[in-house]
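Student: For reference, the chains in residue letters:
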Amino acid sequence: MTQTLERNESTRMRQEFEQPPGSELYVGRYSTGAEDLVDAELDRLGRLPANWDAQGAQPIDSRIIEAAKTLVRLLRYEPIGLPKIVPIRNGNLQFEWNENGRTLELEIETPSTIHFLKWDPTANIEEEDLYPIDDSDTTKTLIAWFWGAGIATYG
Amino acid sequence: MANGPLGPTVADHEKLYRFITTPDWWVADEKRPSSAAFAHPLYSVNIASLITLEDSLDQLHEDLGCPNGGIVSFQCGHARTLGFDARHERDEQFPDNEAHAHVYCHAERNQRKKKARALAGACQREIDPSF
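The listed protein sequences correspond, in order, to chains A and E.
Per this note's numbering, residue 6 is the first one in the first sequence, and the count goes up by one each step.
Per this note's numbering, residue 6 is the first one in the second sequence, and the count goes up by one each step.
Derived from the structure by calculation, the hints contain no laboratory data.
Heads up, a few of these hints could be off.
[Unchecked claim] Derived pair list, reagent style DMTMM-like, types lysine to aspartate or glutamate, alpha-carbon separation capped at 25 angstroms:
#  : chain 1 : residue 1 : chain 2 : residue 2
1  : A       : Lys-145   : A       : Glu-83
2  : E       : Lys-36    : A       : Asp-125
3  : E       : Lys-119   : A       : Glu-131
4  : E       : Lys-20    : E       : Glu-97
5  : A       : Lys-74    : A       : Asp-41
6  : E       : Lys-20    : E       : Asp-133
7  : A       : Lys-145   : A       : Glu-40
8  : E       : Lys-20    : E       : Glu-131
9  : A       : Lys-123   : E       : Asp-34
10 : A       : Lys-123   : E       : Glu-113
11 : E       : Lys-119   : A       : Glu-132
12 : E       : Lys-36    : A       : Glu-131
13 : E       : Lys-119   : A       : Asp-142
14 : E       : Lys-119   : A       : Asp-125
15 : E       : Lys-36    : A       : Glu-71
16 : E       : Lys-36    : A       : Glu-132
17 : E       : Lys-119   : A       : Glu-40
18 : E       : Lys-119   : E       : Glu-131
19 : E       : Lys-36    : A       : Glu-104
20 : E       : Lys-119   : A       : Glu-133
21 : E       : Lys-119   : A       : Glu-104
22 : E       : Lys-119   : A       : Asp-140
23 : A       : Lys-123   : E       : Glu-35
24 : E       : Lys-20    : E       : Asp-60
25 : A       : Lys-74    : A       : Glu-104
26 : E       : Lys-119   : A       : Asp-134
27 : A       : Lys-145   : A       : Asp-125
28 : E       : Lys-119   : A       : Asp-139
Use the sequences and the hints to build the structure in full.
Tutor: Below you can see the structure in the form of C-alpha cells.
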C-alpha cells in the first residue's frame, strides 16, 4: 500500500515534469527554469525506493544523481530541449530524447562515464559508445545531432 | 535461475509478455516502451502460451500493485537474434506462476543499448498503460 502511494506521488511529479506550465517555452533552449525542472525530476528519481519497478529494481545510486546534476549544470546554456529522464533497474539512469522514431540516449553508466546511443533507422544510424562525463563537447555534439540544425543556435 | 543452472530454453515461436510497471518506462508519444525496460542483464516475462493476457493483467494489477501498468509482447525468436535469451525459470517472488521466464541479455557492453532499443521498438502493445 505504501509503495503504491509512493508510486502515485512519483507519477504525479513525473507528469508535472513532462508537462510543466508553459513547457513549450523550454523546447529549443535551455533556461534556468528548465534546469530547476530537471533537478526536481532527478530529486524525484533519487527518492525512488528499492523495488520501484515492482520487480526488484535497485534505488538510483546517489552518485549517479549527483553526476547527472553536474552534467545538467555543464549544459546550462545549451539548447538541449527537455529530455525524459529514465531510471534503470541497476540504479543508473538515462536522459532520453525521442522524436519520430529517432532516439538519443545518454546513460550515466558510472559517475564518470556516459554510455550513449544514437538511433535513427531511417538514416541507418545505430551508434553507441562510452565517453567521459566531463567531455561536454561530445555531449553537445550528440544533442545537436538529435535536434539537427533547427535549434542548434542560442534562443 | 539467475544464481543456478539455466532453465530450459523458451522456444523461438513463443510470444513473451513484458510488464511496464512504471510510467518512466513508457514513451507516450510513440506508444512504446523505453529501452530502459530491457536495459538489464536479467528481467522477467511471462510465456504467453502458458497464461492468458487477462491473468497476466491480474498479476500486474494485484500481485505487483501496478493498477495503471501496461503489457507489451515480443517474439522470443526475434529477441534471441538480438542477443536476449529467454529461459523458463521460476519467479522466486511468485513461485506459483508457471508461465514465468527470465530473459538474459548476452550483448557486449558496447552493443547492449542498441539491442535494448531494437527490442523496445519491436514490441507489440497488448495493454496500454494508463499512468
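Student: Does each hint fit the structure? Answer for all of them.
Tutor: Taking the hints in turn, this is what the structure says about them:
For a cut-off of 25 angstroms, the pair hint linking A:Lys-145 to A:Glu-83 stands: about 8 angstroms separates their Cα positions. Among the hinted pairs, E:Lys-36 with A:Asp-125 is consistent with the structure: their alpha-carbon atoms are about 17 angstroms apart, no more than 25 angstroms. At roughly 7 angstroms between alpha-carbon atoms, E:Lys-119 and A:Glu-131 fall within 25 angstroms of each other, so this suggested pair holds. This hinted pair checks out: E:Lys-20 and E:Glu-97 have alpha carbons roughly 22 angstroms apart, not beyond 25 angstroms.
This hinted pair checks out: A:Lys-74 and A:Asp-41 have alpha carbons roughly 10 angstroms apart, not beyond 25 angstroms. A threshold of 25 angstroms between alpha carbons decides the hint, and for E:Lys-20 with E:Asp-133 the separation of about 17 angstroms falls inside it, so the pair holds. At roughly 16 angstroms between alpha-carbon atoms, A:Lys-145 and A:Glu-40 fall within 25 angstroms of each other, so this suggested pair holds. A hinted pair counts as satisfied when its Cα atoms are at most 25 angstroms apart, and E:Lys-20 with E:Glu-131 qualifies at roughly 11 angstroms.
At roughly 19 angstroms between alpha-carbon atoms, A:Lys-123 and E:Asp-34 fall within 25 angstroms of each other, so this suggested pair holds. Of the pairs offered as hints, the one joining A:Lys-123 and E:Glu-113 holds, with about 17 angstroms between alpha carbons and a cut-off of 25 angstroms not exceeded. With a C-alpha separation of about 7 angstroms, the suggested pair E:Lys-119 and A:Glu-132 falls inside the 25 angstroms cut-off, and the hint holds. About 21 angstroms separates the Cα atoms of E:Lys-36 and A:Glu-131, which keeps this hinted pair within 25 angstroms; it holds.
Between E:Lys-119 and A:Asp-142 the CA atoms are separated by roughly 23 angstroms; this keeps the pair inside 25 angstroms, and the hint holds. At roughly 11 angstroms between alpha-carbon atoms, E:Lys-119 and A:Asp-125 fall within 25 angstroms of each other, so this suggested pair holds. At most 25 angstroms may separate the alpha-carbon atoms for a hinted pair to count; E:Lys-36 and A:Glu-71 exceed this at roughly 30 angstroms. A hinted pair counts as satisfied when its Cα atoms are at most 25 angstroms apart, and E:Lys-36 with A:Glu-132 qualifies at roughly 23 angstroms.
Proximity of E:Lys-119 to A:Glu-40 is assessed by CA-CA distance (about 29 angstroms); at most 25 angstroms being required, the pair is judged violated. Simply put, E:Lys-119 and E:Glu-131 have alpha-carbon atoms about 23 angstroms apart, close enough for the 25 angstroms limit, and the pair holds. Distance check on the hinted pair: E:Lys-36 and A:Glu-104 sit about 12 angstroms apart at the alpha-carbon level, within 25 angstroms; holds. Only pairs whose Cα atoms come within 25 angstroms are accepted, and E:Lys-119 paired with A:Glu-133 is accepted, the gap being roughly 7 angstroms.
Proximity of E:Lys-119 to A:Glu-104 is assessed by CA-CA distance (about 17 angstroms); at most 25 angstroms being required, the pair is judged to hold. Taking the CA atoms of E:Lys-119 and A:Asp-140, the gap is near 22 angstroms; set against the 25 angstroms cutoff, the hint holds. As the CA atoms of A:Lys-123 and E:Glu-35 are separated by approximately 17 angstroms, the hinted pair is consistent with the 25 angstroms bound. Taken as a hint, the E:Lys-20 and E:Asp-60 pair is honoured in the structure, with Cα atoms around 15 angstroms apart against an allowance of 25 angstroms.
For the proposed pair A:Lys-74 and A:Glu-104, the alpha carbon gap of about 24 angstroms is at most 25 angstroms, so the pair holds. Restraint check for E:Lys-119 and A:Asp-134: the C-alpha separation of about 10 angstroms stays at or below 25 angstroms, so the hint holds. At roughly 18 angstroms between alpha-carbon atoms, A:Lys-145 and A:Asp-125 fall within 25 angstroms of each other, so this suggested pair holds. Proposed proximity of E:Lys-119 and A:Asp-139 is supported: the alpha carbons are some 23 angstroms apart, at most 25 angstroms.
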